[in-house]
Amino acid sequence: MFGPALTAPTSPPGQVGAKHSRRGKISGRLRRRLLAYRAIDFLSTHIPDHSGPGKECLLLVHVRQVVGQVQYRICTDCAQGVITALVIDKHFHSIGPANRALSHLRSRHPGLAWCSTLSMRTTRDLLRRMSIPTAPADTHCPHASPAAA
Numbered sequence: 001m002f003g004p005a006l007t008a009p010t011s012p013p014g015q016v017g018a019k020h021s022r023r024g025k026i027s028g029r030l031r032r033r034l035l036a037y038r039a040i041d042f043l044s045t046h047i048p049d050h051s052g053p054g055k056e057c058l059l060l061v062h063v064r065q066v067v068g069q070v071q072y073r074i075c076t077d078c079a080q081g082v083i084t085a086l087v088i089d090k091h092f093h094s095i096g097p098a099n100r101a102l103s104h105l106r107s108r109h110p111g112l113a114w115c116s117t118l119s120m121r122t123t124r125d126l127l128r129r130m131s132i133p134t135a136p137a138d139t140h141c142p143h144a145s146p147a148a149a
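At position 63 of the sequence shown the residue is numbered 63 (my numbering), and the sequence of numbers has no breaks.
Warning: the hint list may mix true and false statements.
[Said to hold, decoys possible] Straight-line distance between alpha carbons at most 20 Å, and here's what the computed SDA-like set of lysine to any residue pairs gives: (1) K55 to T122; (2) K55 to R31; (3) K55 to A39; (4) K55 to P136; (5) K55 to L43; (6) K90 to Q71; (7) K55 to D125; (8) K55 to I74; (9) K90 to L34; (10) K90 to I74; (11) K55 to T84; (12) K55 to T134; (13) K55 to L34; (14) K90 to L30; (15) K55 to S103; (16) K90 to V66; (17) K90 to K55; (18) K90 to G28; (19) K90 to R31.
Everything labelled a hint here was simulated from the structure, so no lab data went into it. No experiment lies behind these values; they were computed from the predicted model shown.
Take these sequences, add in the hints, and give me the full structure.
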């Protein structure tokens with residue numbers, strides 16, 4: 001009754017949370033995802049030379065450095081867009097910039113039906129999640145010039 005008060009055992013002062021918690025890994029991924037959504041800018045360019053009408057490139061830029069690009073063709077007569085290449089820097093994989101880039105394309109070119117000629121597993125999964133069907137690689141718009149086909 002009048003003796004020392006009983007206290008619950010506490011963890012050592014340098015240890016927070018479980019001994020083997022994966023706290024740093026999850027917070028690092030969340031930090032990179034926030035970085036991808038806040039600090040990546042999109043720049044659209046037309047690819048010069050013999051690429052034909054409607055051949056464009058969307059660059060993903062982070063702190064004056066290109067970290068990805070989406071190459072695509074558009075035809076306003078057919079109301080169709082075709083994604084021909086998608087490249088994202090390995091540090092930005094699985095944190096959202098590819099989703100955001102494809103959503104940006106859809107909002108920038110409303111009314112177009114999008115498809116893709118990509119066949120790699122990682123891009124195939126992304127395109128399936130985004131409801132973008134796959135088309136054969138030799139698909140060309142009839143409005144494109146013969147030199148571009």
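Hints, verified against the model:
For the given pair, K55 sits about 23 Å from T122 by alpha-carbon distance, which is inconsistent with the 20 Å threshold. The suggested pairing of K55 with R31 is violated, with an alpha-carbon distance near 34 Å, which exceeds 20 Å. This hinted pair does not check out: K55 and A39 have alpha carbons roughly 26 Å apart, beyond 20 Å. Simply put, K55 and P136 have alpha-carbon atoms about 17 Å apart, close enough for the 20 Å limit, and the pair holds.
Of the supplied pair hints, the one linking K55 and L43 holds, its CA atoms being roughly 14 Å apart against a limit of 20 Å. For the suggested pair K90 and Q71, the alpha carbons sit about 18 Å apart, so the restraint of at most 20 Å is met. As the CA atoms of K55 and D125 are separated by approximately 24 Å, the hinted pair breaks the 20 Å bound. Taking the CA atoms of K55 and I74, the gap is about 7 Å. The hint holds against a cut of 20 Å.
Annotation: proposed proximity of K90 to L34 holds, straight-line Cα distance about 16 Å (limit 20 Å). The straight-line distance between the Cα atoms of K90 and I74 is roughly 27 Å, outside the 20 Å bound, and the hint therefore fails. With a C-alpha separation of about 9 Å, the suggested pair K55 and T84 falls inside the 20 Å cut-off, and the hint holds. Note on K55 and T134: the hinted pairing holds, with a Cα-Cα distance of about 18 Å set against a maximum of 20 Å.
A C-alpha spacing of about 31 Å is found between K55 and L34, which places the hinted pair above 20 Å, so the restraint is violated. With a C-alpha separation of about 16 Å, the suggested pairing of K90 with L30 holds against the 20 Å cut-off. Proposed proximity of K55 and S103 is supported: the alpha carbons are some 18 Å apart, at most 20 Å. Restraint check for K90 and V66: the C-alpha separation of about 12 Å stays at or below 20 Å, so the hint holds.
With a C-alpha separation of about 25 Å, the suggested pairing of K90 with K55 is violated against the 20 Å cut-off. Distance hint between K90 and G28 is fulfilled; the C-alpha atoms sit about 15 Å from each other, no more than 20 Å. The suggested pairing of K90 with R31 holds, with an alpha-carbon distance near 16 Å, which does not exceed 20 Å.
Of the numbered hints listed earlier, those contradicted by the structure are 1, 2, 3, 7, 10, 13 and 17.
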